[in-house]
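There are 2 protein chains.
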Amino acid sequence: MHIFVDAMGGDFAPREIVKGCADAVNEYQVHLTLIGSESAIINELSLVKYPKEAIDILPSKSVIGFNEEPMKAIREKQDSSIVIGLDAVNRDEEDSVLVSAGSTGALLAGGLFKLGRIKGIKRPALATPLPTKDHVTLLLDSGANADCKAEYLQQFGILGSIYYQNVFNVAFPKVGLLNIGTEEEKGSSLVKKAYQLLSETKSINFIGNIESRDIMNGDADVIVTDGFTGNILLKQLEGLSSFLLNGLKQAILSSTRGKIGGALIKKDLQSFKKEFSSDEVGGAPFLGIRGGLIKAHGSSNAYAIKNAIKQAIAYMDGDIISKIENTINIEMQSK
Amino acid sequence: MHIFVDAMGGDFAPREIVKGCADAVNEYQVHLTLIGSESAIINELSLVKYPKEAIDILPSKSVIGFNEEPMKAIREKQDSSIVIGLDAVNRDEEDSVLVSAGSTGALLAGGLFKLGRIKGIKRPALATPLPTKDHVTLLLDSGANADCKAEYLQQFGILGSIYYQNVFNVAFPKVGLLNIGTEEEKGSSLVKKAYQLLSETKSINFIGNIESRDIMNGDADVIVTDGFTGNILLKQLEGLSSFLLNGLKQAILSSTRGKIGGALIKKDLQSFKKEFSSDEVGGAPFLGIRGGLIKAHGSSNAYAIKNAIKQAIAYMDGDIISKIENTINIEMQSK
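Sequence order for the protein chains is D and W.
Using my numbering, you'd call the opening residue of the first sequence number 299 and step up by one each time.
Using my numbering, you'd call the opening residue of the second sequence number 299 and step up by one each time.
Hints in this document: simulated from the structure, not taken from any laboratory.
Identical chains blur together in the list; that is why a pair holds if it fits in one copy or across any two.
Result set (SDA-like, lysine to any residue): computed pairs, CA atoms no more than 20 Å apart in a straight line:
id, residue 1, residue 2
1, K431, S552
2, K533, E481
3, K533, P429
4, K472, R511
5, K557, L543
6, K533, G506
7, K431, L551
Chain D extracted, bound-state conformation:
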């Protein structure tokens, strides 16, 4: 098992990435290869405690920024941490994974270009784990494919189910289809067709439509949607949560009485925020890519990176890629 970590990707790279890696090797006894500027990584490593043999460095010279055109950047920046990381995963084939908090677009374009799709997979999907009531819900596609066909959504159901089974250890994960009503005949022509296909998919436990207002109740383990709707949903979740919690803070601080009350609830508020923080759940895998590729949030701190690495370990241990290959093969034969 080879875990590569892009030390240069994300808002707080390289410091928080390197710190998260040191925490991960201390906690999980794994070996990591950090990709990035050698001098910067050495400098950051000098600030943390870890067993020296557990981390080595694969040098890279450039970084792909969040605003660069993905395919152009992948083609032109051969010495970037993302491209060098993908090449390394490609050499090792199925037994390695890259964790990066860098550009989602560049990771997807690079993943498709350098690693390709698993045989039979029409489109890979970005699968984002969301902390919901009492458990984790996996939302896919959360942004890889803005235009989808019903057949893609069917495969997303299979991909999500396999990942959830093996990473979150649930035997028959409940797969729901995001829709604007719970009845079978509801929704756009895309979701109506996807509903039929998902119903016919033998390898998954399809529970029917799920409405967006019920996502946080954790009624489904895996929620299938197109990448446009999924991305809108994910960004609203982020925006609204921070808006409500900040607005509440402002409201409380506006009165003396509120300030005293605010001080008293601070601890409870923090534990509540922590419970539903995306830092807790680690990274989002690109499922369907022929190779391990996990996207950590752009604003990841060391704790979030450590959790993304934990998920990378589970991804490898779960042997996700060959399980996807086998299941897709069987589902296609059964048609």
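Model the placement of chain W on the given structure of chain D, informed by the hints.
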């Protein structure tokens, strides 16, 4: 001006509807016609104070439930409050409006069947006002059309802009297109094409793409999207807000310290909740229908109904329907 109110629609009908009507006639000095069971309305009216001449009753015998198939219900329940209300609006043509907290699907199907579309309008849209930071943002389509073409989205921009201008008194409302990135080239093929059409629309102030995480900042006055995405967004807003506020309450009540703090912040929390409650902003008009039709939230209390009636008055005063007719006519000629 004729304002008809469906006294039988919504979770708290007829009591809260009738109470909201009495409050509205007291506050706005308007005349209202309540549609519903005569005995039930008379009974509820006996419990409230209002000038007797300000309210009269148009009797109906049945009610269309939330789970009935819309078109079937409209055809079969000719004596329902919604059908009788739509027939009344149809008789009065442009100078009347129906406010109902009943089934959205039945109101849309009935509106199309009984009143029809304004000439030149391809699809009517449900336009939901959302309370955002410092102002109101109008989201359309929030659920009338699950499948949309780019041309519909262009018209939604025109419809929303006219409504916002006249009901919220903003000379050049900022119209944004909901998308998964701010750059012009982002998104699905639908929104890319809609972006072009909206850019070319002379009668609106198009400000480009807006991401879902920024909605609550109130950057746009009008947000255009397809009815599938809009409905997903709206229901997530409802679900997430109540999930976060309830979760927070639970967290606070879990410790003694928190309980004391919670008591101290209660007032600030309530004023914050009130500021962003959908009860504050009134109903959602179906724009593009040839006749005034305003949908109040299914869980409307008297206060929400009073605000929906306030919006109905502004709708009539703003002469929305003939303004839509004129603008669509001009935009179509300029092609």
